[in-house]
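Colleague: Single-letter residue listing:
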Amino acid sequence: MLADLTIKGKAGLLLILAILISLPFWSSSYIISVATITLYLAILGQSWNLMLGFAGLLSLGHALFVGISAYLAAYVFSVLGLPPVISVFPAVLLAILMGMLIGYLGFRFSIGGVYFALLTIAFAELVRISVDHMGFIGGTEGLFLPVSEGDRKGVDLINLRGHPFMFYYLAMVLAFLTLAGCRTLLKSKLGYYWQAIRDDQDAAQALGINVFRYKMYAVIYSSGIAGVAGVFYAFYQNSLFPESVFGIERSIEVTLGPIVGGVGSLFGPVLGAFILTPLGEGLTELIDFLKNSGIIDPKLKLNGLKLLIWGLVVSLIVLFKPRGIWPWLSDKLGFCRTEGD
Amino acid sequence: MAAFLEIENVSKSFRGLKAVSNVSLNVEEGGMVALIGPNGAGKTTLFNLIAGVFPADEGRITLAGNDILGLRPDQICDAGISRTFQLVKPFPDMTVLENVTVGALHGAQNIQEARKAARNNVELLDLANKIHLPAHSLTLPDRKRLEVARALATRPKLLLLDEVMAGLRPTETDEMVAVFKSLNQETGITILLIEHVMRAVMSLSHHVAVLHHGKKISEGTPGHITQDPEVLDCYLGEEEDV
Numbered sequence: 001m002l003a004d005l006t007i008k009g010k011a012g013l014l015l016i017l018a019i020l021i022s023l024p025f026w027s028s029s030y031i032i033s034v035a036t037i038t039l040y041l042a043i044l045g046q047s048w049n050l051m052l053g054f055a056g057l058l059s060l061g062h063a064l065f066v067g068i069s070a071y072l073a074a075y076v077f078s079v080l081g082l083p084p085v086i087s088v089f090p091a092v093l094l095a096i097l098m099g100m101l102i103g104y105l106g107f108r109f110s111i112g113g114v115y116f117a118l119l120t121i122a123f124a125e126l127v128r129i130s131v132d133h134m135g136f137i138g139g140t141e142g143l144f145l146p147v148s149e150g151d152r153k154g155v156d157l158i159n160l161r162g163h164p165f166m167f168y169y170l171a172m173v174l175a176f177l178t179l180a181g182c183r184t185l186l187k188s189k190l191g192y193y194w195q196a197i198r199d200d201q202d203a204a205q206a207l208g209i210n211v212f213r214y215k216m217y218a219v220i221y222s223s224g225i226a227g228v229a230g231v232f233y234a235f236y237q238n239s240l241f242p243e244s245v246f247g248i249e250r251s252i253e254v255t256l257g258p259i260v261g262g263v264g265s266l267f268g269p270v271l272g273a274f275i276l277t278p279l280g281e282g283l284t285e286l287i288d289f290l291k292n293s294g295i296i297d298p299k300l301k302l303n304g305l306k307l308l309i310w311g312l313v314v315s316l317i318v319l320f321k322p323r324g325i326w327p328w329l330s331d332k333l334g335f336c337r338t339e340g341d
Numbered sequence: 001m002a003a004f005l006e007i008e009n010v011s012k013s014f015r016g017l018k019a020v021s022n023v024s025l026n027v028e029e030g031g032m033v034a035l036i037g038p039n040g041a042g043k044t045t046l047f048n049l050i051a052g053v054f055p056a057d058e059g060r061i062t063l064a065g066n067d068i069l070g071l072r073p074d075q076i077c078d079a080g081i082s083r084t085f086q087l088v089k090p091f092p093d094m095t096v097l098e099n100v101t102v103g104a105l106h107g108a109q110n111i112q113e114a115r116k117a118a119r120n121n122v123e124l125l126d127l128a129n130k131i132h133l134p135a136h137s138l139t140l141p142d143r144k145r146l147e148v149a150r151a152l153a154t155r156p157k158l159l160l161l162d163e164v165m166a167g168l169r170p171t172e173t174d175e176m177v178a179v180f181k182s183l184n185q186e187t188g189i190t191i192l193l194i195e196h197v198m199r200a201v202m203s204l205s206h207h208v209a210v211l212h213h214g215k216k217i218s219e220g221t222p223g224h225i226t227q228d229p230e231v232l233d234c235y236l237g238e239e240e241d242v
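Going down the list, the protein sequences come from chains A and B. So the first sequence is numbered by the numbering used here: it starts at 1 and just counts up by one. So the second sequence is numbered by the numbering used here: it starts at 1 and just counts up by one.
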């Protein structure tokens, strides 16, 4: 990964790493919780970007892959006590199978572009409504993981029980693994083929690319990464509700980071998550502060304000920097080596 | 001996309109055959039938004795046929080198090998100084060159060229003709080309077939074709007026 970066870029990366690693030692537990969610969304953004940015496949149902994996891992943990370090395998497999099912239907019957996106929404909604009616995993009332008094202390990576710092560092490791993994994929034959299919499917096929197969690979990798994130989410949140896990808002939320940061770029989804999540959280904090200090009426309902501001940011980005902030920023700062080997 | 590419009585209609009607054509291994004819004569449709874009209504197409009709475009490429598109289809957000590398990955062991092969093809088609530019920034003649470089990178036995000289200046046309001639001599690649630029057709092809209204109306050496009254009447004659 370092080979793409200039000296300045390497220095920037080191600085960011130093800040991230040292964060728990000098910030508050609130900041850590925001940073954990930010890293989690960076992973999901990376997963979503793999499909749209690399292979040109628009998913608006990514919450499905996250949620189905989260539910499976949470269920087997609460019923059988199976630790997530084991259940992550069937959970990710289930997410991948879901992805393959959607991919098969979409690609076999040549459902392209926005119609493919509709298919992903349809499946996510189908599962949300189904889970709503499945009593054994809590239905509408939700599924709760057993949490005991000592769970929020210590470090138990096998059962994913421990201090919030553990989750923070785990999210960081997963985010870096995802970034490195996506970079490896992008520079491989798969990456070349995905981009070719994204840019012109007919030309790609004429060059010997089995378009169906390579699109399937994109869905498999993407849903697999989302599945890993799902297991993390389940054990970090300790509670799962069909609406808050599978809802369309969750799927949309996943898309915003990459759109703001830069679809198709490697650092874009990460940057986007680090812009949007703190912005949204900061806004919520600001409103709470203003309410508590009596500057605005405490009874005033401002629930949708975060989404409104996000929508505004996305609109501005699409208008002025349609390729996202990262390509422009890395150009300005001279972080990335322009190709010329 | 059977020909390398054999097209036997192939027909294709679109909503009742016969785009290609009962066309037969043989291309010998190592041959360079030109397909000419007025616009709408069915030349590109015939190419698309060979390349597996859509199935034929009737007829047979074989490559080295193997039936290839009904295969998908990627399977056609696996069989050893590579094509360019008349309306060029570059991968716009990828660089010139990346575009050609996608082609070179067909059959290459790894990325390094593919990039090396791609670099050779880029140089062969005179795009070396644009190697790291995104394809969307190229001019049309350069995009045509990119089409050829990318198709060649798949290491085909048969190359289908659909009007790759259109828009090139006469000296550039001569350069590209020279590239195909030397490739043909060095690697024995078989070439079937659709071309309106008669300068290229005359100097490149061993054999010319003329399509008109979906039918093959004449066939023979370039010298023979230019004397054929029917061809002069429907195609070549017109060009002299222009």
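Rather than coming from a laboratory, the hints here were simulated on the basis of the structure. Computed from a prediction, not measured in an experiment: that's the story for all the values here. Don't take each hint at face value.
Restricting the straight-line Cα-Cα distance to at most 30 Å, the calculated cross-link-like pairs of lysine-lysine (DSBU-like) are [to be verified]:
#1 K157/B <-> K89/B
#2 K89/B <-> K116/B
#3 K187/A <-> K116/B
#4 K153/A <-> K116/B
#5 K89/B <-> K321/A
#6 K8/A <-> K189/A
#7 K8/A <-> K301/A
#8 K215/B <-> K116/B
#9 K321/A <-> K299/A
#10 K291/A <-> K301/A
#11 K130/B <-> K89/B
#12 K181/B <-> K130/B
#13 K10/A <-> K332/A
#14 K215/B <-> K187/A
#15 K157/B <-> K181/B
#16 K18/B <-> K181/B
#17 K18/B <-> K116/B
#18 K189/A <-> K116/B
#19 K321/A <-> K116/B
#20 K89/B <-> K187/A
#21 K157/B <-> K116/B
#22 K306/A <-> K291/A
#23 K89/B <-> K8/A
#24 K116/B <-> K130/B
#25 K187/A <-> K18/B
#26 K130/B <-> K215/B
#27 K8/A <-> K321/A
#28 K10/A <-> K291/A
#29 K18/B <-> K332/A
#30 K130/B <-> K18/B
#31 K301/A <-> K187/A
#32 K332/A <-> K8/A
#33 K130/B <-> K10/A
#34 K10/A <-> K187/A
#35 K116/B <-> K10/A
#36 K181/B <-> K215/B
#37 K157/B <-> K130/B
#38 K189/A <-> K18/B
#39 K157/B <-> K215/B
#40 K215/B <-> K189/A
Colleague: All the hints need checking, so say for each whether the structure fits it.
Modeller: Outcome of the hint check:
1. K157/B <-> K89/B: Roughly 21 Å between the alpha carbons, so the hint for K157/B and K89/B holds.
2. K89/B <-> K116/B: It holds: about 23 Å lies between the C-alpha atoms, which stays within 30 Å.
3. K187/A <-> K116/B: Since the Cα atoms of K187/A and K116/B sit roughly 15 Å apart, the hinted pair holds (cutoff 30 Å).
4. K153/A <-> K116/B: violated (55 Å)
5. K89/B <-> K321/A: holds (26 Å)
6. K8/A <-> K189/A: holds (29 Å)
7. K8/A <-> K301/A: violated (45 Å)
8. K215/B <-> K116/B: It is violated: about 43 Å lies between the C-alpha atoms, which goes past 30 Å.
9. K321/A <-> K299/A: violated (38 Å)
10. K291/A <-> K301/A: This hinted pair holds, its Cα atoms lying about 10 Å apart.
11. K130/B <-> K89/B: holds (17 Å)
12. K181/B <-> K130/B: holds (24 Å)
13. K10/A <-> K332/A: holds (15 Å)
14. K215/B <-> K187/A: violated (47 Å)
15. K157/B <-> K181/B: holds (15 Å)
16. K18/B <-> K181/B: violated (34 Å)
17. K18/B <-> K116/B: violated (44 Å)
18. K189/A <-> K116/B: Holds - the C-alpha atoms of K116/B and K189/A are around 14 Å apart, at most 30 Å.
19. K321/A <-> K116/B: At roughly 35 Å apart (the allowed maximum being 30 Å), K116/B and K321/A break the hint.
20. K89/B <-> K187/A: Judged against 30 Å, a Cα distance of about 22 Å means the pair holds.
21. K157/B <-> K116/B: Roughly 20 Å between the alpha carbons, so the hint for K157/B and K116/B holds.
22. K306/A <-> K291/A: holds (16 Å)
23. K89/B <-> K8/A: With Cα atoms ~37 Å apart, K89/B and K8/A exceed 30 Å; violated.
24. K116/B <-> K130/B: holds (16 Å)
25. K187/A <-> K18/B: violated (46 Å)
26. K130/B <-> K215/B: The hint is violated at about 41 Å.
27. K8/A <-> K321/A: holds (23 Å)
28. K10/A <-> K291/A: violated (43 Å)
29. K18/B <-> K332/A: Status violated; Cα separation ~57 Å.
30. K130/B <-> K18/B: violated (42 Å)
31. K301/A <-> K187/A: Distance ~48 Å between K301/A and K187/A Cα, so the pair is violated.
32. K332/A <-> K8/A: holds (11 Å)
33. K130/B <-> K10/A: holds (28 Å)
34. K10/A <-> K187/A: Holds. K10/A to K187/A sits at ~19 Å (cutoff 30 Å).
35. K116/B <-> K10/A: Judged against 30 Å, a Cα distance of about 28 Å means the pair holds.
36. K181/B <-> K215/B: Roughly 29 Å separates the two Cα atoms, so the pair holds.
37. K157/B <-> K130/B: Distance of about 27 Å is within 30 Å: holds.
38. K189/A <-> K18/B: Not satisfied, since the Cα-Cα distance of roughly 41 Å exceeds 30 Å.
39. K157/B <-> K215/B: OK: K157/B and K215/B at ~26 Å, within 30 Å.
40. K215/B <-> K189/A: Distance of about 42 Å is beyond 30 Å: violated.
Comparing the model with each earlier hint shows violations of hints 4, 7, 8, 9, 14, 16, 17, 19, 23, 25, 26, 28, 29, 30, 31, 38, 40; every other hint is respected.
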